[in-house]
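What follows is the residue order along each chain.
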Amino acid sequence: MSRRPPRGEYIETDTGNKVARKATLVGTQNIMLGGKTVIQPEVMIRGDLVRSIQSSSTSSSGGATPNNTAVAIGRYCFLSRGACLRPPGRLYKGAFTYMPLRMGDHVFVGPGSVIQAASIGSHVYIGARVVVGEFAILKDYVRVLDGTVIPPNMVVPSFTIVAGQPARVIGEVPEGGHEAFELRDLYKTVGNNPHPAPA
Amino acid sequence: MSSKRHSILPPISQPGPKPPVQFSSTITIADSAILTGTNPITIATESVIHPRAKIESSGGRITIGRRCVVHERVTLGAIGNSSSSQRPNNVTGGGETAVTLADYVTVEVGASIEAGDTYIGEGTTVGVGSKVGAGAVVGKHCTLTPHTHIRAGSSVPDFTVVYSNGMRRTDKRGVAELKNKGVARQIDVLRRMIPSNPSKFM
Chain A
1 MSRRPPRGEY IETDTGNKVA RKATLVGTQN IMLGGKTVIQ PEVMIRGDLV
51 RSIQSSSTSS SGGATPNNTA VAIGRYCFLS RGACLRPPGR LYKGAFTYMP
101 LRMGDHVFVG PGSVIQAASI GSHVYIGARV VVGEFAILKD YVRVLDGTVI
151 PPNMVVPSFT IVAGQPARVI GEVPEGGHEA FELRDLYKTV GNNPHPAPA
Chain B
1 MSSKRHSILP PISQPGPKPP VQFSSTITIA DSAILTGTNP ITIATESVIH
51 PRAKIESSGG RITIGRRCVV HERVTLGAIG NSSSSQRPNN VTGGGETAVT
101 LADYVTVEVG ASIEAGDTYI GEGTTVGVGS KVGAGAVVGK HCTLTPHTHI
151 RAGSSVPDFT VVYSNGMRRT DKRGVAELKN KGVARQIDVL RRMIPSNPSK
201 FM
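Residue numbers (our numbering), protein chains in the order written: chain A, 1 to 199; chain B, 1 to 202.
Derived from the structure by calculation, the hints contain no laboratory data.
Quantities reported herein were computed from a predicted structural model and do not represent experimental measurements.
Hints should not be assumed to be uniformly reliable.
Each computed DSS-like pair below joins lysine-lysine, with the alpha-carbon atoms no more than 25 Å apart [claimed, not checked]:
no.: 1; chain 1: B; residue 1: K200; chain 2: A; residue 2: K22
no.: 2; chain 1: B; residue 1: K140; chain 2: B; residue 2: K54
no.: 3; chain 1: B; residue 1: K200; chain 2: B; residue 2: K18
no.: 4; chain 1: B; residue 1: K140; chain 2: B; residue 2: K181
no.: 5; chain 1: B; residue 1: K172; chain 2: B; residue 2: K200
no.: 6; chain 1: B; residue 1: K200; chain 2: A; residue 2: K93
no.: 7; chain 1: B; residue 1: K54; chain 2: B; residue 2: K18
no.: 8; chain 1: B; residue 1: K172; chain 2: B; residue 2: K54
no.: 9; chain 1: B; residue 1: K140; chain 2: B; residue 2: K179
no.: 10; chain 1: A; residue 1: K22; chain 2: B; residue 2: K140
no.: 11; chain 1: A; residue 1: K22; chain 2: A; residue 2: K188
no.: 12; chain 1: B; residue 1: K181; chain 2: A; residue 2: K93
Please put together the full structure from these sequences, using the hints given.
The following block contains the structure:
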C-alpha cells in the first residue's frame, strides 16, 4: 500500500495535526482542524451531520459558498482514545437541523467522553467518560471532572470546576492555575516519534 | 471544495456469522454498521442505524420498531457478563428474543442493551453510555439520562425519567406526541445525510 516503508500509527499533516489511523472520522470534508491537534485511536468525529438549514441573512457568515463546517477544532487540542464528537441537533423553525460544534484552543477531551456541545471555549479540560449534552456551552478555562454528565443547554461559566451527574459547579480554578491547561507539552508526547514527557 | 477527501473508516473485522435480516425498504442503515449473530434481525420502516452501531443477534432475535434511531457505538444484544447470575429464568437460547425496541425508540451514543428478552417501550430515549441489563423492561416514553444503569430483570414504568445515578421521577409534561414528531423530522434529515446500504447486510 504505502511506498514509504515506515508506516506510523499517526498521520501527521503539514499543519502539525496528528491523526491516528485507527480514528473514525466520518465526513472529513466538514471537519476543520486548527493545527497541532492530536486525535488518538478510536476517536469518532461525526462530520457528516452538517447543518441542513442555512441561517438566513442574519449572520451572513457564508457569503457565496454555504458554510458546511460541522465540527471546528482549534489549535493544540487533544482528543483521547475513544472520545466522540458529534454536532448537536434540534428543531429549528419547525425543521430538524444539526448545528456546528465549535471548539477553541488547548481543549483536552478525556478517554471515552461524548461531546455534543454547541461551543467549547479555549483551555478547557474535560475528563474521562464525561457526557456533554446537546447545545451545552463551556466557556474558557473550565475543568470538567471524570464521569460528569453535563445536561443539554447548560452554560458553564469561565474558570469553574464542574462535576456530578447532572453537573454542578463545585469550585473555581485557583489564581495562577490556568497554566495547567497548556497542552503544548502533551502534544509533543504523541505521534510517530514522540518525545518523552518532561519530568 | 476538496471533494477528494474521504472519511477515515478503518476496516471492521467481521466477527462471527452473518445474521439473517428482515429489512423494510425505507430504513437507513450506514455501511459501517455491524450486524452479527445467528438469529434473525428485523428492522421496521424508517428506522435509522448510524455508522459503527453494533447489532448482535447471537443471544436471540433482535426486533427494531418503526422510526427508531440507533446511534454510533451502540451495542444491541450484548451478551451480558455482569448479570449472568441474576438473569431471569427465560435464559437466552436458540430461538429466543434478545432485544425488542418498540416504535420511536432512540438509543444514544455508546449505550448498551443486553440480550435476554429485553424490551424498550415506545418513545423511550436511552441516553449516552447507558446500560440496560438482560430481561429489563423499560416502559413507554421513558428517558434514561446518560450513564444510567438499569439492572437485569428490573422494570421501569411508563413516563419515568431515570437520572442522577438511579433517581426516578415521572415525566408529566405530556409531550410524548411532540417528541415523536421531532424524531420523525430528525429521521427525514438523517436519511439524506447517512448513505444507506442495506444490500450489504442482505
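Comparing the hints with the structure gives:
For the given pair, K200(B) sits about 23 Å from K22(A) by alpha-carbon distance, which is consistent with the 25 Å threshold. The suggested pairing of K140(B) with K54(B) holds, with an alpha-carbon distance near 24 Å, which does not exceed 25 Å. Between K200(B) and K18(B), the direct Cα distance comes to roughly 10 Å. Compliance with the 25 Å bound is thereby established for this hinted pair. For the suggested pair K140(B) and K181(B), the alpha carbons sit about 15 Å apart, so the restraint of at most 25 Å is met.
At most 25 Å may separate the alpha-carbon atoms for a hinted pair to count; K172(B) and K200(B) exceed this at roughly 43 Å. As the CA atoms of K200(B) and K93(A) are separated by approximately 36 Å, the hinted pair breaks the 25 Å bound. Only pairs whose Cα atoms come within 25 Å are accepted, and K54(B) paired with K18(B) is accepted, the gap being roughly 13 Å. A threshold of 25 Å between alpha carbons decides the hint, and for K172(B) with K54(B) the separation of about 33 Å lies outside it, so the pair is violated.
A C-alpha spacing of about 12 Å is found between K140(B) and K179(B), which places the hinted pair at or below 25 Å, so the restraint holds. Straight-line distance between C-alpha atoms of K22(A) and K140(B) comes to about 38 Å, which puts the hinted pair past the 25 Å bound. Between K22(A) and K188(A) the CA atoms are separated by roughly 19 Å; this keeps the pair inside 25 Å, and the hint holds. A hinted pair counts as satisfied when its Cα atoms are at most 25 Å apart, and K181(B) with K93(A) qualifies at roughly 14 Å.
Violated hints, in rising order: 5, 6, 8 and 10; the structure is consistent with all others.
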